[in-house]
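> Fit chain B to the given chain A structure using the hints.
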Amino acid sequence: MNTSPLKKFALALLLAGIFSTAHAALKVGDTLPDLASYKLEGKLPDSLKGKIVILDFWASWCLPCAESFPVMDELQKKYGDRLVIIAVNVDETAAKKDLFLKKHPVAFTIVRDAEQKLVADISPETMPTSFVVDGDGKVRFLHNGFHGAETRKQYVSEIESLLK
Amino acid sequence: MKTKLLFLLASVALLSGSGCANVKPWQRGTMADYTMQPDRDPLGTAQSEHIWFSREQANGGGSVGGGGCGCN
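Sequence order for the protein chains is A and B. Residue numbers are given in my numbering: position 154 of the first sequence equals residue 154, and the series is strictly consecutive. Residue numbers are given in my numbering: position 43 of the second sequence equals residue 207, and the series is strictly consecutive.
Next up, chain A with everything else stripped away, as it sits in the complex (with noise of 0.2 Å):
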């Protein structure tokens, strides 16, 4: 076949477009990553089998992640053993995220992904981002934002409808 080197060029352009603009973000459906696997700083639950898992990204600078983190520590409060929440900080620095937890303290797992590989995996949109997890490790609702008493009551009513 004689193809033009035009033609060849616009071919590698229009793949090149298509890699770059790919990327695989988590959604609904998708198995959890082994998060064992990344190299956070903090300590992780020793086994998330059975549990429902909120996985939470978020940064001292975001001011929505301040306002979800009373909600989630209620959460985690009201649900005891039976719901996970952990919490990754994307914060440059550790100090930006202790400052932040000083004013903000919790009573769920905080974790800092210092390389920014575990977010740049899940490649949340917006800053928070929080994936409700089921029991299987698999993603089954997804929260883009954190919308203060509306995000709450959807909070509620998805893990009561995975624990029934």
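Errors might be hidden in some of the hints.
Residues on chain B that point at chain A, a partial pick, calculated with CB under 7 Å [stated by the list, open to error]: (1) G183; (2) A185; (3) P189; (4) W190.
Calculated pairs, DSSO-like style, for lysine-lysine (alpha carbon to alpha carbon, straight line, at most 27 Å) [what the hints assert, rightly or not]: (5) A:K39 x B:K188; (6) A:K78 x A:K43; (7) A:K27 x B:K188.
Note that these hints are calculated values from the structure, not bench results. Remember, it's a predicted structure, so these values are computed and weren't measured experimentally. For every residue, glycine included, the Cβ atom is placed at its ideal position computed from N, Cα and C.
Coordinates of chain B only, in the frame set by chain A:
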């Protein structure tokens, strides 16, 4: 044909070298910093505007009038 190809190559080179970058949501810490806010110093902004409308004859369209005489 060669001209077209050269034109295309030059366009791609120009676009890729434009310095534009896609900042991911989790990388916006610096942009969200207080020092990045254009209105972080209201007094400083007011002073700059005062100097601008007092000195610049081409001034216009703002809330305060001024003709560049330096007398306001």
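> For every hint, state whether the structure bears it out.
Hint check:
Interface hint at G183 (chain B): violated, since its Cβ lies 17 Å from the closest Cβ of chain A, which is beyond the 7 Å cut-off. Against a cut-off of 7 Å between C-beta atoms, the interface hint on A185 (chain B) is violated, since the closest Cβ of chain A lies about 13 Å away. Contact between P189 (chain B) and chain A, as hinted, is supported at the beta carbon level, the nearest pair being about 5 Å apart and thus within 7 Å. At a threshold of 7 Å, the smallest CB-CB gap from W190 (chain B) to chain A is about 4 Å, leaving the interface hint in force.
Among the hinted pairs, K39 (chain A) with K188 (chain B) is consistent with the structure: their alpha-carbon atoms are about 20 Å apart, no more than 27 Å. Under the criterion of a C-alpha separation no larger than 27 Å, the hint pairing K78 (chain A) with K43 (chain A) is consistent with the structure, at around 22 Å. Distance check on the hinted pair: K27 (chain A) and K188 (chain B) sit about 17 Å apart at the alpha-carbon level, within 27 Å; holds.
In the structure shown, a violation is registered for the earlier hints numbered 1, 2, in ascending order.
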